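Protein chains: 2
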Amino acid sequence: MAHDAPLSPLAPKTFPDMPAIEGVRFASGEAGVRYRGRTDVMMALLDKGTTVAGVFTKSRCPSAPVDWCRSKLKSGKARALLVNSGNANAFTGKVGADAVKLAAKIAARAAGVKEHEIFMASTGVIGEPLDASKFDAVLDALAADARGEAWLDAARAIMTTDTFPKVATATADIGGSQVRISGIAKGAGMIAPDMATMLSFVFTDAPISAPALQSMLSKSVQGSFNAITVDSDTSTSDTLLLFATGAAAARGAPRIAAANDRRLASFKRALEAVLLDLAHQVVRDGEGARKFVGVEVTGADSAKAAKRIALSIANSPLVKTAVAGEDANWGRVVMAVGKAGERAERDKLAIWFGDVRVAHKGLRDPNYDEAAASAVMKRPEIDIRVDLGLGAGAAKVWTCDLTKEYVAINGDYRS
Amino acid sequence: MAHDAPLSPLAPKTFPDMPAIEGVRFASGEAGVRYRGRTDVMMALLDKGTTVAGVFTKSRCPSAPVDWCRSKLKSGKARALLVNSGNANAFTGKVGADAVKLAAKIAARAAGVKEHEIFMASTGVIGEPLDASKFDAVLDALAADARGEAWLDAARAIMTTDTFPKVATATADIGGSQVRISGIAKGAGMIAPDMATMLSFVFTDAPISAPALQSMLSKSVQGSFNAITVDSDTSTSDTLLLFATGAAAARGAPRIAAANDRRLASFKRALEAVLLDLAHQVVRDGEGARKFVGVEVTGADSAKAAKRIALSIANSPLVKTAVAGEDANWGRVVMAVGKAGERAERDKLAIWFGDVRVAHKGLRDPNYDEAAASAVMKRPEIDIRVDLGLGAGAAKVWTCDLTKEYVAINGDYRS
Numbered sequence: 001m002a003h004d005a006p007l008s009p010l011a012p013k014t015f016p017d018m019p020a021i022e023g024v025r026f027a028s029g030e031a032g033v034r035y036r037g038r039t040d041v042m043m044a045l046l047d048k049g050t051t052v053a054g055v056f057t058k059s060r061c062p063s064a065p066v067d068w069c070r071s072k073l074k075s076g077k078a079r080a081l082l083v084n085s086g087n088a089n090a091f092t093g094k095v096g097a098d099a100v101k102l103a104a105k106i107a108a109r110a111a112g113v114k115e116h117e118i119f120m121a122s123t124g125v126i127g128e129p130l131d132a133s134k135f136d137a138v139l140d141a142l143a144a145d146a147r148g149e150a151w152l153d154a155a156r157a158i159m160t161t162d163t164f165p166k167v168a169t170a171t172a173d174i175g176g177s178q179v180r181i182s183g184i185a186k187g188a189g190m191i192a193p194d195m196a197t198m199l200s201f202v203f204t205d206a207p208i209s210a211p212a213l214q215s216m217l218s219k220s221v222q223g224s225f226n227a228i229t230v231d232s233d234t235s236t237s238d239t240l241l242l243f244a245t246g247a248a249a250a251r252g253a254p255r256i257a258a259a260n261d262r263r264l265a266s267f268k269r270a271l272e273a274v275l276l277d278l279a280h281q282v283v284r285d286g287e288g289a290r291k292f293v294g295v296e297v298t299g300a301d302s303a304k305a306a307k308r309i310a311l312s313i314a315n316s317p318l319v320k321t322a323v324a325g326e327d328a329n330w331g332r333v334v335m336a337v338g339k340a341g342e343r344a345e346r347d348k349l350a351i352w353f354g355d356v357r358v359a360h361k362g363l364r365d366p367n368y369d370e371a372a373a374s375a376v377m378k379r380p381e382i383d384i385r386v387d388l389g390l391g392a393g394a395a396k397v398w399t400c401d402l403t404k405e406y407v408a409i410n411g412d413y414r415s
Numbered sequence: 001m002a003h004d005a006p007l008s009p010l011a012p013k014t015f016p017d018m019p020a021i022e023g024v025r026f027a028s029g030e031a032g033v034r035y036r037g038r039t040d041v042m043m044a045l046l047d048k049g050t051t052v053a054g055v056f057t058k059s060r061c062p063s064a065p066v067d068w069c070r071s072k073l074k075s076g077k078a079r080a081l082l083v084n085s086g087n088a089n090a091f092t093g094k095v096g097a098d099a100v101k102l103a104a105k106i107a108a109r110a111a112g113v114k115e116h117e118i119f120m121a122s123t124g125v126i127g128e129p130l131d132a133s134k135f136d137a138v139l140d141a142l143a144a145d146a147r148g149e150a151w152l153d154a155a156r157a158i159m160t161t162d163t164f165p166k167v168a169t170a171t172a173d174i175g176g177s178q179v180r181i182s183g184i185a186k187g188a189g190m191i192a193p194d195m196a197t198m199l200s201f202v203f204t205d206a207p208i209s210a211p212a213l214q215s216m217l218s219k220s221v222q223g224s225f226n227a228i229t230v231d232s233d234t235s236t237s238d239t240l241l242l243f244a245t246g247a248a249a250a251r252g253a254p255r256i257a258a259a260n261d262r263r264l265a266s267f268k269r270a271l272e273a274v275l276l277d278l279a280h281q282v283v284r285d286g287e288g289a290r291k292f293v294g295v296e297v298t299g300a301d302s303a304k305a306a307k308r309i310a311l312s313i314a315n316s317p318l319v320k321t322a323v324a325g326e327d328a329n330w331g332r333v334v335m336a337v338g339k340a341g342e343r344a345e346r347d348k349l350a351i352w353f354g355d356v357r358v359a360h361k362g363l364r365d366p367n368y369d370e371a372a373a374s375a376v377m378k379r380p381e382i383d384i385r386v387d388l389g390l391g392a393g394a395a396k397v398w399t400c401d402l403t404k405e406y407v408a409i410n411g412d413y414r415s
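Top to bottom, those sequences are chains A and B.
Residue 184 in the numbering used here sits at position 184 of the first sequence, and the numbers go up by one each step.
Residue 13 in the numbering used here sits at position 13 of the second sequence, and the numbers go up by one each step.
Simulated from the structure, these hints should not be mistaken for laboratory data.
You can take every hint at face value.
Each pair may be met inside one copy or between any two copies, as identical chains are not told apart.
List time: in silico DSS-like cross-link candidates among lysine-lysine, alpha-carbon distance up to 30 Å:
1. Lys396 with Lys348
2. Lys72 with Lys348
3. Lys94 with Lys105
4. Lys101 with Lys48
5. Lys396 with Lys219
6. Lys77 with Lys94
7. Lys378 with Lys404
8. Lys72 with Lys361
9. Lys348 with Lys101
10. Lys304 with Lys58
11. Lys101 with Lys77
12. Lys361 with Lys94
13. Lys361 with Lys348
14. Lys396 with Lys58
15. Lys105 with Lys77
16. Lys268 with Lys72
17. Lys348 with Lys74
18. Lys105 with Lys361
Just so it is clear, the structure is predicted and the values come from calculations on it, not from any experiment.
Based on the provided sequences and hints, a complete structural model is requested.
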C-alpha cells in the first residue's frame with residue numbers, strides 16, 4: 001500500500017511546459033493491480049521507425065519485465081511501452097515470465113503492433129504474482145485515448161511512494177533542425193541505481209540509430225542516475241529506456257547512425273541535462289527527504305576513487321542523520337572518507353559545508369565558525385565538498401537526508 | 001553529548017560473575033573530557049610479562065590512538081591500557097599525535113612503567129582536539145586505586161551512546177590448567193567493524209606468546225566483531241586488544257609459543273565465545289535497536305560470497321526498517337541478495353524468517369502463511385536465513401533493526 005505522505009518540501013515549485021513529441025502518444029488508466037482510486041497503468045504508443053536504447057539494474061535478481069526488455073532490446077526497435085505500478089513482478093519465477101508474456105500479448109493487440117515490439121516495466125511490491133489479465137479490460141481504451149501532451153498523467157500513473165510526478169524536457173539542435181528530448185521518472189525508495197534508476201522513460205523525435213542512442217545513454221547515465229542515492233538499496237527493477245521516433249527527419253533533421261557524429265554535440269548536452277534533471281527530482285522525492293545534498297569529491301587519485309568516496313559519504317546513515325538534524329558534523333564525513341577503501345591522507349584532507357571550510361590539513365579549520373556552518377545546515381539544499389589533496393580525480397553525487405519519516409514510510413509500506 | 005536513551009530492550013537481564021584475572025587491575029574516574037557527572041577514563045594495569053595482540057580499523061583516516069597502538073604493538077609487550085570516552089582524538093592531526101604522547105607520559109608516570117608499554121584508545125566525537133592534560137589530575141589516584149574485580153566500572157567508563165556496560169567471560173583448559181578469558185566492549189553507533197569493533201579489551205591469565213595471541217585474535221575476529229553491523233558505518237577508532245598476563249604459569253599452565261599448539265584448542269573456543277558474546281552485546285545495544293537479527297546465508301559459491309550477501313542484507317535500510325515495522329517483507333531480502341554483487345539464481349533461492357519458509361524456488365512459498373511469518377516478526381530476536389542453492393559457502397552475521405530512535409539519536413549527537 002502506498003504510504004500517504006505529504007508533498008516533499010523539495011518538490012519543484014512548477015512543472016515545465018511539456019509539448020508533445022511527434023511520434024509519441026500517452027494514455028493512463030486504472031487496472032486495479034493493487035491501488036484503488038488512482039491510475040496504475042500507463043501506455044506509450046510509438047510511431048513506426050522508433051529506435052530504442054536501455055540500461056537496467058545490475059541486480060542478480062532482476063524483475064521479469066527487466067528480463068523481457070533486455071531480450072527485446074537487441075532489435076533496437078519499439079512500438080509501445082507498458083508500465084504498471086503497485087506490483088514489481090520481481091522474484092515471481094515462471095509465473096512472472098508468463099505474466100509478462102500475457103501483458104505483451106494484450107498490449108500488442110491494443111496497439112496493433114507485434115509482441116516483440118512492446119517494452120515493459122513494473123514497480124511496486126516484490127514477490128507477489130502479477131495478474132496481467134487485469135490489463136485486458138483497460139488497454140484497448142487506453143490505446144484509443146492516447147494523446148501526445150499527457151506527460152504529467154503518464155508520470156503520475158507510474159508513482160509508488162513518490163509524492164510528485166517527475167518530468168523534464170530540453171531542446172537540441174541536430175544539423176540545423178531543432179529536436180526535443182522529454183522524459184518521466186519515478187523513484188522514492190530503493191534508490192541506489194547501479195545502471196539506471198527505478199524507472200525512467202525518455203523520448204525524442206531525433207532520427208538517431210539504436211546503437212548511437214545506446215552509446216549516448218550508457219555514457220550519460222554515469223553522471224546522472226548512477227550518481228544518486230536515497231538509501232543505498234539497489235532495486236530489482238531499475239529501467240531507463242530512451243526512445244527516438246525520428247519524426248524530426250521529416251522537418252529536415254539528418255539521420256544519425258553513429259554516436260561519435262559531431263552533429264550530436266547539442267543533443268548529448270540536452271540528453272545529459274534531461275537525465276540529470278530527472279535524477280535530481282528522484283532525490284528530491286526520496287522517502288522522507290527534507291534536504292537535497294550534493295556531495296563533491298575533488299583531489300582524488302582517479303574519478304573512480306572520487307565517486308566511490310562520494311558515494312560512501314552519500315550512503316552513510318550517520319552523515320545523513322546529521323544532515324537531518326542540521327548538524328555540521330564533519331567528523332562523520334571524515335569517517336565516511338576513511339571507510340571508502342580508497343587512498344586518503346588525513347593531513348591533506350579539507351572539508352566544506354556550503355562555502356564554509358570546516359576542516360583543513362588534518363584538523364579543524366583554524367577559522368572554523370560554528371554559527372556560519374550551522375547557517376548552511378539550515379538550508380534545504382546543502383553542498384558537502386571534500387578535497388583529498390592527492391590527484392585530479394573528481395566526482396559529484398546527490399542524496400537526501402535520513403529522517404524519521406523514512407523509517408515510518410518503510411516500516412509499514414507492505415502491510 | 002551522550003543521548004539520554006533508555007536501556008535497550010535487548011540488554012542482557014543479568015551480568016555474569018566476573019572474577020579478577022591475575023595480573024590485571026582496573027580503575028576508572030572522571031577526567032572531564034566532555035561528559036559531566038559520569039566516569040570517562042579507565043586505566044588497566046598489567047603485570048610484568050604481559051603479552052599483547054591487537055586488530056584495528058581499516059579506515060584510511062584512523063584515530064591518533066590507533067596509530068599509536070599499531071606502532072607499539074610490534075614489541076608484543078604491554079604494561080597499561082588507558083581509555084577515554086567523550087573524544088575520539090580522530091582527525092586531529094599533529095595536535096592529536098601530541099595529545100597521545102602526553103597521555104602516554106602521564107599514564108606511564110602514574111603506572112610506574114615505560115611510555116612505550118602504554119596502550120591507548122579514545123572514543124567519542126571526531127575532529128575536536130583532546131586535552132590530554134586533563135588526565136594529569138586523575139591518573140595517579142586511579143593507579144593507586146586499581147582493583148582486579150572492577151570490570152563493570154571499567155566497562156561503564158568507556159561508554160558513549162551505549163545504554164549498558166558490556167562484559168563477557170569464559171574459562172579454558174591449557175595443558176590441564178584452568179585459565180580465564182574476560183573482556184569488555186563498547187559499541188552503539190558507527191558499527192560496521194572491518195577489522196575489530198569500536199573498542200573492546202580482552203584479558204587472560206594464560207601464558208601465551210604475542211605472535212600466537214595475534215594469530216588467534218585475527219582469526220577469531222572474523223566470525224565475531226567482523227560479523228556484526230549496526231549501521232554500515234566503519235569507525236575511525238575500532239580497536240580490539242587482547243592481553244595475556246601469563247599469571248597462570250605459576251599455577252602450572254604451560255607457556256605456549258605458537259598458535260598451532262594443540263593445547264590451545266580449548267582456549268581458542270573460549271576466546272571465540274567471549275568475542276562473539278561481546279559482539280552480540282554491541283548489536284543488542286545498537287542505537288535505537290529493538291530487534292536482534294541474525295542473518296545466515298547458506299548454499300553460496302564460497303564463504304566470502306556468503307558473508308558479502310549476508311552483510312548486504314544486514315546493512316540494507318529497507319530490510320532493517322521492515323524488521324522495525326515487524327513486516328515479513330522478504331521481497332526486500334531478495335533485493336539485498338540481488339544487489340550484493342555475488343552470483344545468485346533467482347529460481348534457486350529460498351528464504352526463511354525464523355522457521356517459516358517464505359520463498360522457495362524463485363517465488364512465494366506455496367505454503368506461505370502470513371500469520372505465522374508475522375508471529376516471527378513480533379519476536380525480539382529474529383533469524384533471517386537465505387539458501388542460494390548453489391554451493392557450500394555459508395556465513396552468519398548479526399545486526400539490529402533501523403528505528404526512528406536511531407535517527408533521533410544521531411540527529412543531535414554532537415550538538
